[in-house]
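Here are the chains, one letter per residue:
There are 4 protein chains.
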Amino acid sequence: MSLKPCAHRVAYYETDQMGIVHHSNYIRWFEEARDDVVRDYGIDYRQIEAQGVLMPVVHVSCDYKRAAKYGDQVSIYAFPRFFNGIRLRYEYEVRGEDDTLIVTGNSEHCFIDAVTRKPVNLKKRMPEYCETLSRLVEQVNGGKE
Amino acid sequence: MSLKPCAHRVAYYETDQMGIVHHSNYIRWFEEARDDVVRDYGIDYRQIEAQGVLMPVVHVSCDYKRAAKYGDQVSIYAFPRFFNGIRLRYEYEVRGEDDTLIVTGNSEHCFIDAVTRKPVNLKKRMPEYCETLSRLVEQVNGGKE
Amino acid sequence: MSLKPCAHRVAYYETDQMGIVHHSNYIRWFEEARDDVVRDYGIDYRQIEAQGVLMPVVHVSCDYKRAAKYGDQVSIYAFPRFFNGIRLRYEYEVRGEDDTLIVTGNSEHCFIDAVTRKPVNLKKRMPEYCETLSRLVEQVNGGKE
Amino acid sequence: MSLKPCAHRVAYYETDQMGIVHHSNYIRWFEEARDDVVRDYGIDYRQIEAQGVLMPVVHVSCDYKRAAKYGDQVSIYAFPRFFNGIRLRYEYEVRGEDDTLIVTGNSEHCFIDAVTRKPVNLKKRMPEYCETLSRLVEQVNGGKE
Numbered sequence: 000m001s002l003k004p005c006a007h008r009v010a011y012y013e014t015d016q017m018g019i020v021h022h023s024n025y026i027r028w029f030e031e032a033r034d035d036v037v038r039d040y041g042i043d044y045r046q047i048e049a050q051g052v053l054m055p056v057v058h059v060s061c062d063y064k065r066a067a068k069y070g071d072q073v074s075i076y077a078f079p080r081f082f083n084g085i086r087l088r089y090e091y092e093v094r095g096e097d098d099t100l101i102v103t104g105n106s107e108h109c110f111i112d113a114v115t116r117k118p119v120n121l122k123k124r125m126p127e128y129c130e131t132l133s134r135l136v137e138q139v140n141g142g143k144e
Numbered sequence: 000m001s002l003k004p005c006a007h008r009v010a011y012y013e014t015d016q017m018g019i020v021h022h023s024n025y026i027r028w029f030e031e032a033r034d035d036v037v038r039d040y041g042i043d044y045r046q047i048e049a050q051g052v053l054m055p056v057v058h059v060s061c062d063y064k065r066a067a068k069y070g071d072q073v074s075i076y077a078f079p080r081f082f083n084g085i086r087l088r089y090e091y092e093v094r095g096e097d098d099t100l101i102v103t104g105n106s107e108h109c110f111i112d113a114v115t116r117k118p119v120n121l122k123k124r125m126p127e128y129c130e131t132l133s134r135l136v137e138q139v140n141g142g143k144e
Numbered sequence: 000m001s002l003k004p005c006a007h008r009v010a011y012y013e014t015d016q017m018g019i020v021h022h023s024n025y026i027r028w029f030e031e032a033r034d035d036v037v038r039d040y041g042i043d044y045r046q047i048e049a050q051g052v053l054m055p056v057v058h059v060s061c062d063y064k065r066a067a068k069y070g071d072q073v074s075i076y077a078f079p080r081f082f083n084g085i086r087l088r089y090e091y092e093v094r095g096e097d098d099t100l101i102v103t104g105n106s107e108h109c110f111i112d113a114v115t116r117k118p119v120n121l122k123k124r125m126p127e128y129c130e131t132l133s134r135l136v137e138q139v140n141g142g143k144e
Numbered sequence: 000m001s002l003k004p005c006a007h008r009v010a011y012y013e014t015d016q017m018g019i020v021h022h023s024n025y026i027r028w029f030e031e032a033r034d035d036v037v038r039d040y041g042i043d044y045r046q047i048e049a050q051g052v053l054m055p056v057v058h059v060s061c062d063y064k065r066a067a068k069y070g071d072q073v074s075i076y077a078f079p080r081f082f083n084g085i086r087l088r089y090e091y092e093v094r095g096e097d098d099t100l101i102v103t104g105n106s107e108h109c110f111i112d113a114v115t116r117k118p119v120n121l122k123k124r125m126p127e128y129c130e131t132l133s134r135l136v137e138q139v140n141g142g143k144e
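Protein chains in written order, with numbering that gives the first Met the number 0: chain A, 0 to 144; chain B, 0 to 144; chain C, 0 to 144; chain D, 0 to 144.
A couple of the hints might just be wrong.
Remember, identical chains collapse to one label, so a pair may be satisfied in a single copy or spanning two.
Stated by the list, open to error - Listed next, the in silico DSS-like pairs over lysine-lysine satisfying Cα-Cα at most 25 angstroms (straight line):
| id | residue 1 | residue 2 |
| --- | --- | --- |
| 1 | Lys-68 | Lys-123 |
| 2 | Lys-117 | Lys-3 |
| 3 | Lys-68 | Lys-117 |
| 4 | Lys-3 | Lys-64 |
| 5 | Lys-122 | Lys-64 |
| 6 | Lys-117 | Lys-64 |
Since the hints were made in silico from the structure, they are not lab data.
From just these sequences and the hints, can you work out the full model?
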C-alpha cells in the first residue's frame with residue numbers, strides 16, 4: 000500500500016547557522032506526517048483528545064543521511080507499523096524533490112487518560128478508532144491474512 | 000529600581016542560516032524574562048494557572064538593533080510598566096555581554112478564565128497577587144506618588 | 000489586487016499548554032507567508048542570498064485577536080506595502096477557516112551584504128528584482144499602471 | 000568522573016497542549032548540554048566552526064520515561080562516550096529536581112569541512128582539541144591514567 004506523504008516546504012526559521020535544517024525539526028515533521036496519514040484515513044487526532052485520551056511519545060529515533068535546506072519541498076512518509084491498543088509504532092522517511100532519502104526515523108507512542116495520566120487500552124476506550132488504525136497498519140505492512 | 004535580568008546563553012538551535020539568532024526567538028526570551036522577574040518577587044506563574052487563570056498575549060512588538068549570536072551570554076530585562084487588573088504591559092531590553100543594546104520590545108497581556116475563556120478581573124480573583132504585582136510596577140516606574 | 004494566502008495547517012508542536020498556538024509562532028508564519036507571496040511572483044529568496052544579500056528583520060509587531068488551535072487550517076496573508084531599495088515593509092493577516100481574523104501584524108526589513116554586514120541599496124545590487132518587487136507593492140496598494 | 004550537568008528552567012514556550020514539554024525540545028536540550036560539557040573543559044564549539052569545521056548530527060535517539068513540565072528546573076547530563084577523530088558519540092540523561100530520570104538519549108556526530116562539506120579527520124585538522132576531547136571521553140568512561 001502506498002501512503003500519500005506529507006508535503007512540507009522548508010521554512011527559513013527551520014534552518015540553523017550550519018545552513019541546513021536543524022536536526023530537531025525532523026522530529027517535528029514526523030509529528031506532522033503521522034497526523035496527516037491518519038487524517039487521510041478519516042481519523043482526526045483532535046477527536047481522540049476530545050475523548051480524554053492523550054498519545055505521548057515514549058521513544059523517538061532519527062538517522063540523518065543528507066541535509067534538507069531552506070526552500071526545499073520535502074515529502075515526509077509516516078508508516079504506522081505496529082498497533083495493539085497499548086502501543087503504536089511509526090517508521091518515517093523524509094525525501095527530497097528528486098526522491099533522495101534525507102532522513103529515516105521511528106517513534107513509539109502509548110495512550111494515557113488526560114485526567115488520571117494512567118495508561119489506557121484504546122481497544123476498550125475507542126474500539127472503532129482501533130479497528131481503523133489496525134486496518135491501516137495491516138495495509139501498510141502489505142498484510143494479507 | 001533595578002531589576003535582575005534573566006541570563007540566557009544563546010543555543011545553536013536558536014540560530015538561522017543568516018548566522019544570527021532567528022528573530023522569533025527574542026519573543027520567546029521575553030517570556031522567559033517576565034517569568035523570572037515575577038518569580039524573583041515571589042510570584043510563580045504556575046500558581047496563577049493552578050487557580051484557573053490564563054494570561055494570553057494580546058500584543059507583542061520587537062525592534063532589532065543588533066544581532067545576538069550563538070554562544071553569546073545575553074541579559075533579558077523585563078520591566079512591568081502597567082497593570083490594572085485587566086491589562087498588564089511589559090517593556091523589554093536584551094543586552095549583550097558588554098551591555099550593548101540588542102533588541103527592545105514590549106508586550107501586552109490580558110487575563111482569562113481557563114474554562115470559560117472569558118476576561119477576568121484579577122483584582123477580584125487574586126487580590127494578593129495583584130497587590131504584589133502593582134507594587135512591583137510602581138517600583139519599576141520609579142514610583143513615588 | 001488579491002494575493003493568494005499561504006496555507007498552513009497548525010501542528011501540535013506549535014501549541015502550548017494554554018491549548019492554543021504559542022504566540023511566537025505567528026512571527027514564524029509571517030516569514031512563511033512573505034516567502035510564498037514573492038515566490039508566486041517569481042522571486043526566490045534563495046537567489047537573493049545566493050547573490051550575497053541578507054534581509055534581516057528590523058521590526059516586527061503582532062496583535063492577537065483570537066487564538067488558532069491545533070489542526071486548524073489557517074490562511075496567512077502577507078502584503079508588501081512599502082519598498083524603496085533600502086527598506087521593505089509587510090503587513091499580515093492570519094485568518095481561520097471561516098475567514099475570521101486571528102492576528103494582524105507587520106514587519107520591516109533592511110538589506111545587508113552577507114560578508115561585510117553593511118547596508119546595501121538593492122536598487123543598485125539587484126535592479127531586476129527591485130523592479131519586480133516595486134511592481135508587486137504597487138499592485139498590492141491598489142496602484143494602477 | 001562526575002560531570003556538571005547543564006541547568007535548564009523549562010520555559011512556557013517549550014510546552015505543548017498536553018501540558019508537558021514537547022518531545023522535540025529534549026533533542027534541543029541535548030545540544031545545550033553537549034555545548035556546556037566541553038565548554039567547562041575549555042573547548043568552545045565556536046572555535047571549531049571558526050576553523051571551518053562543522054559537526055552535524057548523524058543519529059539521535061530519545062527515550063521518554065516521565066514528562067518535564069513548565070517551570071521545572073531540570074539537569075541535563077551529556078556524557079561523551081566515544082571519539083576517534085571521525086565520530087563522536089554522546090549519551091544523555093535529563094533529571095528532575097529530585098533527581099528522577101525524565102529522559103535518556105544519545106547522539107552521534109561526524110565532522111565535515113564547512114566549505115567542501117566533505118568528512119574531516121579532526122585528529123589531523125585540530126590535534127590539540129582532539130587531545131582534550133579524548134581525555135574527557137576517557138575520564139567519563141572511568142578511565143585511569
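Structure-based check of each hint:
Proximity of Lys-68 to Lys-123 under the C-alpha cut-off of 25 angstroms is found in neither arrangement, the shortest distances being 44 angstroms within a copy and 28 angstroms between copies. Neither within a single protomer nor between protomers do Lys-117 and Lys-3 lie at most 25 angstroms apart by alpha-carbon distance, with minima of 33 angstroms and 34 angstroms respectively. Within a single copy, Lys-68 and Lys-117 get their C-alpha atoms only as close as 40 angstroms, which misses the 25 angstroms cut-off; across copies the closest is 17 angstroms, which meets it. Within a single copy, Lys-3 and Lys-64 get their C-alpha atoms as close as 22 angstroms, which meets the 25 angstroms cut-off; across copies the closest is 32 angstroms, which misses it.
In this assembly of identical chains, Lys-122 and Lys-64 lie within 25 angstroms of each other by CA distance solely across copies; the values are 23 angstroms between and 37 angstroms within a copy. In the homo-oligomer, the alpha carbons of Lys-117 and Lys-64 lie at most 25 angstroms apart only across protomers (13 angstroms), although the nearest pairing inside one protomer, at 37 angstroms, exceeds that limit.
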